[in-house]
Amino acid sequence: MKNAAIYRRVSTEDQVREGYSLGEQLEKLKNLCKFRDYNIYNVYEDASISAKDMTHRPAFQRMLEDVKNKKVNVIVSYKLDRLTRSVRDFETLISELEKYDCSLECAMDDINTSTANGRFFVRMLTVLS
567 MKNAAIYRRV STEDQVREGY SLGEQLEKLK NLCKFRDYNI YNVYEDASIS
617 AKDMTHRPAF QRMLEDVKNK KVNVIVSYKL DRLTRSVRDF ETLISELEKY
667 DCSLECAMDD INTSTANGRF FVRMLTVLS
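Going by my numbering, the first residue of the sequence shown is number 567, and it counts up by one from there.
Errors might be hidden in some of the hints.
What the hints assert, rightly or not - No farther apart than 25 Å at their CA atoms in a straight line, the calculated lysine-lysine pairs in the DSS-like style are these:
hint : residue 1 : residue 2
1    : 618       : 568
2    : 637       : 594
3    : 594       : 645
4    : 600       : 568
5    : 596       : 636
6    : 600       : 645
Read the hints as simulated data drawn from the structure, not as lab findings.
Model the full assembly from the supplied sequences, consistent with the hints where possible.
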């Protein structure tokens, strides 16, 4: 069984523009974990924080530490843009996750890096961005 890190983030502008709250994200992600039979290790939340970089988000950094310490082996997020909006940061994140045998699933973007096809798809997204 995989240990999942649920990551949710919303900036004030995102919530107004996109209409998905932290509560809606959590409900969707818990359901995904249940469907995939993942154990939810922890829920990490950065509220009212932009995704312009990864270093200024305390919960995101705690989650990465848990990945490095092998407490988590899958990150589950609502959409890719909840994790990052930077192509450079995204490539860094994917490289770090691969180094620690951790996969990424985004519920609304149909991203799953636990398979070879999923990793290929993510790399293509990075190149196209």
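Checked hints:
Simply put, residue 618 and residue 568 have alpha-carbon atoms about 29 Å apart, too far for the 25 Å limit, and the pair is violated. The suggested pairing of residue 637 with residue 594 holds, with an alpha-carbon distance near 22 Å, which does not exceed 25 Å. The suggested pairing of residue 594 with residue 645 holds, with an alpha-carbon distance near 11 Å, which does not exceed 25 Å. Proposed proximity of residue 600 and residue 568 is supported: the alpha carbons are some 11 Å apart, at most 25 Å.
Between residue 596 and residue 636 the CA atoms are separated by roughly 21 Å; this keeps the pair inside 25 Å, and the hint holds. Between the alpha carbons of residue 600 and residue 645 the distance comes to roughly 18 Å, so the proposed pair stays at or under 25 Å and holds.
Figure legend: structure checked against the earlier numbered hints; the only hint not met is number 1.
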